[in-house]
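There are 2 protein chains.
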Amino acid sequence: MDETHGLVMIHTGDGKGKSTAAFGLALRAYGAGLNVLILQFIKGGKISGELHALKALEKISAENKIEVRQCGLGFIDKKNFQAHVDAAQVALEIARAEILSERWDLIILDEIIYSVKFGLLDAEKILELIKIRPPQLHLLLTGRDAPKILIDAADLVTEMKLVKHPFQVGIRAQRGIEF
Amino acid sequence: MDETHGLVMIHTGDGKGKSTAAFGLALRAYGAGLNVLILQFIKGGKISGELHALKALEKISAENKIEVRQCGLGFIDKKNFQAHVDAAQVALEIARAEILSERWDLIILDEIIYSVKFGLLDAEKILELIKIRPPQLHLLLTGRDAPKILIDAADLVTEMKLVKHPFQVGIRAQRGIEF
Chain D
2 MDETHGLVMI
12 HTGDGKGKST
22 AAFGLALRAY
32 GAGLNVLILQ
42 FIKGGKISGE
52 LHALKALEKI
62 SAENKIEVRQ
72 CGLGFIDKKN
82 FQAHVDAAQV
92 ALEIARAEIL
102 SERWDLIILD
112 EIIYSVKFGL
122 LDAEKILELI
132 KIRPPQLHLL
142 LTGRDAPKIL
152 IDAADLVTEM
162 KLVKHPFQVG
172 IRAQRGIEF
Chain B
2 MDETHGLVMI
12 HTGDGKGKST
22 AAFGLALRAY
32 GAGLNVLILQ
42 FIKGGKISGE
52 LHALKALEKI
62 SAENKIEVRQ
72 CGLGFIDKKN
82 FQAHVDAAQV
92 ALEIARAEIL
102 SERWDLIILD
112 EIIYSVKFGL
122 LDAEKILELI
132 KIRPPQLHLL
142 LTGRDAPKIL
152 IDAADLVTEM
162 KLVKHPFQVG
172 IRAQRGIEF
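From first to last, the protein sequence lines stand for chains D and B. Under our numbering, the final residue of the first sequence carries the number 180; numbering is consecutive throughout. Under our numbering, the final residue of the second sequence carries the number 180; numbering is consecutive throughout.
Hint data in this document are derived by calculation from the structure and do not stem from the laboratory. Heads up, a few of these hints could be off.
When the alpha-carbon atoms are kept at most 30 Å apart in a straight line, the in silico DSBU-like pairs for lysine-lysine are as follows [said to hold, decoys possible]:
#1 B:Lys60 - D:Lys165
#2 B:Lys56 - B:Lys66
#3 D:Lys162 - D:Lys44
#4 D:Lys66 - B:Lys118
#5 B:Lys60 - D:Lys60
#6 B:Lys56 - D:Lys118
#7 D:Lys165 - D:Lys47
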């Protein structure tokens, strides 16, 4: 009996750590020999610290791979809203193709739930991705305010809850830590 | 004006992702050029996926460094309780020395809060570490049931809350994902 059962995971909530824990999971999975793809739905352009480090990891192993692709246009503004809608559509198509490709053991759709929250994508489209996935593929979705139809479809849901934040006491966001 | 303000951070709660997000933060910080030390207070012996990947990262950069040290003895059993108490004491001393060394920008004391929960360390000893740190050092503590005196001393506290877990529906823990 094959014990691999693809988990559908969600990181949601108003706290820090949704994407950070996703990157940590990518690190664990890659270190354990899995093939890992991270598609970033909102972020684009800027190379963050974690991306920089993961790009270095991409080159290490001959046996398995880790890959990060930025599909977003960054901060969502009303002026370029249609461009963000189009980018989300393209990202969705890429996600669908990669999910069906059987090249990956874990696919992380980072911030895809924000695409729903901000009206770029329908939650039903994301539910479709969950339904078409090969049964052994692990899928992780991140973003605030996960809609109920996605929660219902997930195996493992973690809410990152803000208990206390330094902005509340007037400390500036710290490079390398908070961004 | 120097804008670096060392943050004291805590990942707590009954959900997944406390240590995983810590490793993700380590990745981000290292990728952003910070020097990062991870001391594991409970884990020992077994090389997990994330440790394996971070060990590969240790070799990449000539400019900054990332280092992981396992100071624990693994799963805490009653039979070897005193050995665990001793190991926690040693880990505490290592943490104190490294905090004062000024070699690091971020020190992660992974699972140190479990040491309190399981009676290996007093919370006051951990509070002392927070108090003696150089003002620019970022410190991250992880573990379930963080005591109030540590929450009060922290700048940024995130609770990882379990919303739904596959064990609840009888799916076995998945290698590379959950361990």
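- Regarding the pair Lys66 (chain D) and Lys118 (chain B), is the alpha-carbon distance no greater than 30 Å? violated, 38 Å
- Task: For the pair supplied as a hint, Lys60 (chain B) and Lys165 (chain D), confirm whether the alpha-carbon distance does not exceed 30 Å.
- Result: violated, 35 Å
- Task: Given the hint that Lys162 (chain D) pairs with Lys44 (chain D), test it: the Cα-Cα distance must not exceed 30 Å.
- Result: Holds, at about 22 Å.
- Query: Does Lys56 (chain B) pair with Lys118 (chain D) here, judged by a C-alpha cut-off of 30 Å?
  - Reply: violated, 37 Å
- Task: Mind checking the alpha carbons of Lys165 (chain D) and Lys47 (chain D) for me, to see if they're no more than 30 Å apart?
- Result: holds, 27 Å
- Query: Between Lys56 (chain B) and Lys66 (chain B), does the CA-CA distance stay at or below 30 Å?
  - Reply: Roughly 11 Å between the alpha carbons, so the hint for Lys56 (chain B) and Lys66 (chain B) holds.
- Lys60 (chain B) and Lys60 (chain D): Cα distance at most 30 Å? Between Lys60 (chain B) and Lys60 (chain D) the Cα gap is close to 12 Å, so the pair holds against 30 Å.
Comparing the model with each earlier hint shows violations of hints 1, 4 and 6; every other hint is respected.
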